[in-house]
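A.B. asks: Chains L and S, in that order, give the protein sequences.
Sequential numbering from 1 applies to the first sequence in UniProt numbering.
Sequential numbering from 1 applies to the second sequence in UniProt numbering.
It is worth saying that the hints were derived from the structure and are not from the lab.
Honestly, I wouldn't trust all of these hints.
Since the list gives no way to pick one copy over another, a pair counts as held whenever it fits inside one copy or between any two copies.
BS3-like mimics (lysine-lysine), calculated; alpha carbons at most 25 Å apart, straight line [to be verified]: (1) K190 - K200; (2) K65 - K161; (3) K201 - K65; (4) K213 - K10; (5) K223 - K44.
Protein chains: 2
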Amino acid sequence: MAASQKCLGKGSPAPGPVPKDHIRLYSMRFCPFAQRTRLVLNAKGIKHDIVNINLKNKPDWFLEKNPLGLVPTLETPSGQVIYESPITCEYLDEVYPEKKLLPSDPFERAQQKMLLELFSKVTPYFYKIPVGQSKGEDVSSLEAELKEKFAQFNETLVNKKTKFFGGDSITMIDYMMWPWFERMEMIDLKHCLDDTPRLKKWTEHMLEDPTVKATMFSTDTYKVFYKSYMEGNPNYDYGL
Amino acid sequence: MAASQKCLGKGSPAPGPVPKDHIRLYSMRFCPFAQRTRLVLNAKGIKHDIVNINLKNKPDWFLEKNPLGLVPTLETPSGQVIYESPITCEYLDEVYPEKKLLPSDPFERAQQKMLLELFSKVTPYFYKIPVGQSKGEDVSSLEAELKEKFAQFNETLVNKKTKFFGGDSITMIDYMMWPWFERMEMIDLKHCLDDTPRLKKWTEHMLEDPTVKATMFSTDTYKVFYKSYMEGNPNYDYGL
């Protein structure tokens, strides 16, 4: 970890080079996409440091490394830069062979990618519903759509008869989906799991995982950050 | 190849089981996403048959295999089903080790995936521009945006100093991007390449590739199909 977790914004000095036996993650503490990469780094025990970025006011040196200015972004000691959360996670799993998170069978790997693609249609609801709520709109139809999507994931678990999406132990797809479920209580959406008991049970199993425990924030913390975010003035350093 | 390339619609009898040493592709002859998979099947010399689907009137047996009803969809002799074009292509590259299309180096693989992600922001213009044109709208700003995106890909080739996006021979990323360039003349967008000479040159190199030649249609054929598609009555079997 870097000396300070405080985010770096425009005008801040660039961090030093990435130490030889490390990999660096440019992140934002409350970003669910960057959390995917944090989960993989932690689960695989990869030596890394984290540089948090002020996403409202990005440093020039960060935009030079990644002109898209996205987190998560990985940087290697030789200056290679990798971004887009699923790409960073797959890269880490390929480069660090210890505790493989993706299955070795090509069809099982394809299944995880298809599930991830399906899940990419779920994440927008975690934005649309609270935004609708904040405007006093009726979000019941959005919640019904979300529940329908959850039913597909519930069915996957029912058919597989396993605790997790890739079997009875955690694999990549579980970590790719987890960050949004961690935030459900924060945006008062936990009742959307009431009709999908296997998926609800999955969230309980996930909460027992040491890596999930090590990377998560409390609902109270999320609530404070999220309020500041919705007000257009995100408190990236809340709690430090 | 199946006995006939004619598309199968609702009520048509289901094709027989996938032969043991084959893989089956459910496709639509003019679909650029399915063409990605056709390119990979051809380039790697994989034994396969193709079943074309009437996408306006899908057979029930197809929806049972893939409830999303998407092409491309792959089916193996044991009944495994794989969809989403990049997932099908990566699966084929993993299962059939002859003539690997993805680089073996994890960072180079990540680079190809990042380029593909960037390219996913390009493909919508190939829909938005002709639709705008057909409504008599001014599409010059959309064309300017497309040219800006092309400039990024041109710069990649300039920086790499290579003929193709993964080096001096064709690799996966080239095939993933190609189908849309093949359709540029059909929708009168070729002038959008005028300011990006390296990218234009890339299209010329691609046209020399035997696999590209084997899977492509003429601009005249595309024009007939596209007209029928825009009129809401796609002629999937045109030219058969």
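A.B. asks: Does each hint hold? Answer for all of them.
C.D. replies: Tested hints:
| no. | hint | result |
| --- | --- | --- |
| 1 | K190 - K200 | within (9 Å within a copy, 52 Å between copies) |
| 2 | K65 - K161 | between (44 Å within a copy, 20 Å between copies) |
| 3 | K201 - K65 | neither (41 Å within a copy, 28 Å between copies) |
| 4 | K213 - K10 | neither (32 Å within a copy, 50 Å between copies) |
| 5 | K223 - K44 | neither (29 Å within a copy, 52 Å between copies) |
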